[in-house]
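Make a model of the complete structure from these sequences and hints.
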Amino acid sequence: MLVVTICVGSSCSLRGSDELASGIQRLIVKEQLEGLVDIVGAFCMDACSKGVSVTVGSREFSGIRPEDADAFFYREIFPLLSNNELVRARS
Amino acid sequence: MRQVVEFAWRSLNKAGEELCGDSVIIRTRPDSFVAVLSDGLGSGVKASILSTLTAEIAARLFESGISVEEVMQTLVETLPECNVRKLAYATFSVLTVIEGRRAHLVEFDSPPLIMIRDNALFDLQTEKREVGGRLIREARFDVRENDYLVLISDGYEHAGLGGIYRLGWRWPNIALAVQRFVQTGVDTHRLMLALSRTCMKLYDDKPGDDSTVIAMKIRPAVSIAILTGPPADRDLDAHAVSRLMDAEGCKIICGGSTAQMAARVLDRKLEVEWVPPWKRTEEKPARKKGSPPTALLQGVDLVTEGILTLGQAVEIMRNAGTSDDLPRDDDAATRLARHLLEADDIHLIVGTAINPNQVADLIRGEPMRMVYIRELLHDLTQRNKQVRVERI
Ligand code: FES
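Protein chains in written order, with the numbering used here: chain X, 91 to 181; chain V, 15 to 406.
These are computed hints drawn from the structure, not numbers from a lab.
Computed from a prediction, not measured in an experiment: that's the story for all the values here.
We treat Cβ as the ideally placed atom computed from N, Cα and C, and that holds for glycine.
It is possible that part of the hints are untrue.
Cut-off 20 Å, straight-line C-alpha distance, at most; resulting in silico cross-link-like pairs (EDC-like, lysine to aspartate or glutamate) [unchecked claim]: (1) Lys298/V with Asp128/X; (2) Lys293/V with Asp136/X; (3) Lys293/V with Glu124/X.
To spell it out: a stretch of chain X is covered by chain V in this simulated footprint if at least three of its residues, at any positions, have a beta carbon under 8 Å from a beta carbon of chain V; those stretches are [stated by the list, open to error]: (4) 119-131; (5) 164-170.
In silico negatives: residues of chain X with every beta carbon more than 10 Å from chain V [stated by the list, open to error]: (6) Met91; (7) Leu92; (8) Val93; (9) Ala111; (10) Lys140; (11) Thr145; (12) Val146; (13) Gly147; (14) Ser148; (15) Arg149; (16) Glu150; (17) Phe151; (18) Gly153; (19) Glu157; (20) Asp158; (21) Asp160.
Rendered as C-alpha cells:
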C-alpha cells in the first residue's frame with residue numbers, strides 16, 4: 091500500500107489541501123487504483139510554501155497546488171503504482 | 015489534592031432601578047477564598063454606595079485576618095450617614111474559606127447561609143454576639159468536598175410576597191429549593207441560574223427588591239497541563255514529554271512539531287484527525303476554515319497544531335465568562351478554550367526552541383509563541399486561576 095500524506099496544517103489547508111486530496115483521489119478512481127493508495131492527513135511539515143506539502147512514500151514535496159493535481163499524480167504517484175504487479179495483471 | 019470553592023453569582027435589580035443596592039465581592043487566591051454579599055439600606059444610588067463600600071472594606075479586612083470587632087468599628091467610622099434616617103447601614107455576610115477547608119462566616123443582619131451536605135440541609139451552629147451595639151452571627155467550621163453553600167440577600171426571602179407565597183419565598187422554602195436543585199448534581203453556575211430564574215418568576219419579572227445569590231461548592235481543583243514547543247536542547251525532549259505525561263489531570267499538546275516530538279519520544283502513533291473530503295458526512299463535517307487541525311495521540315487528551323490555536327483560544331475566551339458561554343463548536347481552539355475555562359490549576363510547559371522555518375515567527379525578537387502565552391497568562395490570572403509556567 092502506497093501512503094500519500096497530505097499536509098492539512100494551517101497554511102496548507104488554506105492553500106488547498108482538501109482540493110488537492112480530492113483531485114488525487116479522483117485520478118486514483120479513474121485509473122482504478124483504489125485499495126492501492128491510502129491518503130492520510132498530517133500536521134505542518136515545516137515546509138509551508140505557496141502550495142501544499144505532500145509526501146509520497148518517503149519522498150517529500152512542497153508547493154503543490156490543487157490545479158497541479160493531474161501533473162503531480164502522473165509524474166510522482168502513477169509510475170509507482172503501474173509497476174505494481176496487481177496493476178500489471180489487470181492490464 | 016487541592017480543594018477549591020467554585021462559585022457563581024447574580025444580582026437582579028429592583029424593577030425600575032439602574033443600580034443594584036446589593037454588592038458582591040469575591041476574591042480567590044491559591045489558598046484562600048473570600049465572598050462578601052452586602053445589601054445597602056434602601057435602593058438605588060445610596061444603597062449601592064453603602065453596599066459597595068461595606069463589601070470592599072469587609073473583604074479586605076477579613077482577608078487580612080482582622081477581628082470582627084475591628085471590622086465593625088472600621089465600617090461604622092467609614093460609612094456615610096443617611097440624611098433621612100440618620101443611619102449608616104448595610105447588611106453583610108462574609109464567608110472566608112482557607113485552603114478549601116476551614117471556613118469562617120460572619121453575618122450581620124443578612125439571611126443566614128444555606129449549607130447543604132450529603133444532600134441534606136446542614137444545621138450550621140452560629141454564635142450570636144454583640145459587637146459595637148450590633149448583633150452579629152459568627153461560625154467557624156470545616157467544609158468538605160461536595161458541600162454547597164448559598165448566600166442570598168433579603169430580596170430572595172421576599173420574592174412572591176402577596177402572590178404565590180403570601181409571606182414571600184422565605185428562607186426555609188429557599189433552602190428546600192436549593193436542596194432539591196443540588197440533588198441533581200448541578201454545578202454552581204446552573205444552581206445560580208435555577209435560583210435566580212425562580213426568584214424572577216416569583217416576582218413576576220418585576221423584582222420588588224434587589225435580589226442577589228452567590229452559589230458556592232467545594233470541589234477538588236481541576237488541573238490541566240499543556241506542552242507547547244519543543245525544548246531548545248534536543249536532549250531535553252524526553253524530559254519535556256515526561257513533565258507532561260507525569261502531570262496531574264488533563265494533558266494537552268499545542269504545536270505540530272511538539273506533537274511529532276512527543277510521538278517519537280513515546281513511540282506512539284500520531285494520527286491527524288482529517289477526514290478526506292469524499293468521506294465526509296454530516297457527523298464528520300469539514301474543519302472550520304482557518305482552524306488548525308487536531309490529532310490523536312494515546313495518553314494525551316488534546317493535540318492541536320500550531321501556536322495559532324493558542325492565539326485563537328485566547329480570542330474566543332475573551333467573550334466568555336464560563337465554558338457555558340462558548341460556541342458549541344469542537345474545533346481545536348474552542349476545545350482548548352473549554353479545557354482552559356474549566357481548569358483551576360494550569361501548568362504550562364513551554365519549550366523554547368525557535369522554529370527556523372518560520373522567520374515570521376519572531377516578533378521583536380520574541381517567538382510568537384511567547385506573545386500568545388503572555389496574553390493567555392494575563393487572561394487566566396484575571397480569572398483567578400493558578401497558572402504555573404515552566405520553560406524548558
Ligand atoms: S502547513 Fe503544510 S507545511 Fe506547514
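Hint check results:
Distance hint between Lys298/V and Asp128/X is fulfilled; the C-alpha atoms sit about 19 Å from each other, no more than 20 Å. In summary, the hint linking Lys293/V to Asp136/X is not supported, as the alpha carbons are separated by about 27 Å, beyond the 20 Å threshold. For the suggested pair Lys293/V and Glu124/X, the alpha carbons sit about 14 Å apart, so the restraint of at most 20 Å is met. With 3 residues carrying a beta carbon less than 8 Å from a beta carbon of chain V, the stretch 119-131 of chain X meets the three-residue requirement, and the given coverage holds.
Beta-carbon proximity to chain V at under 8 Å applies to 0 residues in the stretch 164-170 of chain X; the threshold of 3 is not reached and the given coverage is violated. With a least CB separation of 15 Å from chain V, Met91/X remains clear of the 10 Å interface cut-off, as annotated. Even its closest Cβ contact with chain V, about 15 Å, leaves Leu92/X beyond 10 Å, as expected for a residue assigned away from the interface. Distance to chain V confirms Val93/X as a non-interface residue, since its nearest Cβ pair spans about 13 Å, more than 10 Å.
Consistency note on Ala111/X: stated as away from chain V, yet its beta-carbon is not over 10 Å from all of that chain's, at 6 Å minimum. Look at Lys140/X: its CB is around 14 Å from the nearest CB on chain V, clear of 10 Å, so calling it non-interface holds up. The claim that Thr145/X is not at the interface with chain V holds, since no C-beta of that chain comes within 10 Å of its own (minimum 13 Å). Every CB of chain V is more than 10 Å from the CB of Val146/X (nearest about 16 Å), matching its label as outside the interface.
Every CB of chain V is more than 10 Å from the CB of Gly147/X (nearest about 18 Å), matching its label as outside the interface. Annotated as non-interface, Ser148/X keeps its C-beta farther than 10 Å from every C-beta of chain V; the closest such distance is 16 Å. Under the 10 Å C-beta cut-off, the non-interface status given to Arg149/X relative to chain V holds; the minimum distance is some 18 Å. At the 10 Å boundary, the C-beta of Glu150/X stays outside the reach of chain V, the nearest C-beta of that chain being 13 Å off.
With a least beta-carbon separation of about 16 Å from chain V, Phe151/X lies farther than 10 Å from that chain, consistent with its non-interface assignment. Remark: the non-interface label on Gly153/X is consistent with the geometry, its nearest Cβ contact in chain V lying 14 Å away (cut-off 10 Å). Every beta carbon of chain V lies more than 10 Å from that of Glu157/X, the smallest distance being close to 16 Å; the non-interface claim holds. Listed as a non-interface residue, Asp158/X keeps its Cβ farther than 10 Å from every Cβ of chain V; the least gap is roughly 17 Å.
Asp160/X, annotated as away from the interface, keeps every beta carbon of chain V farther than 10 Å; the closest lies near 17 Å.
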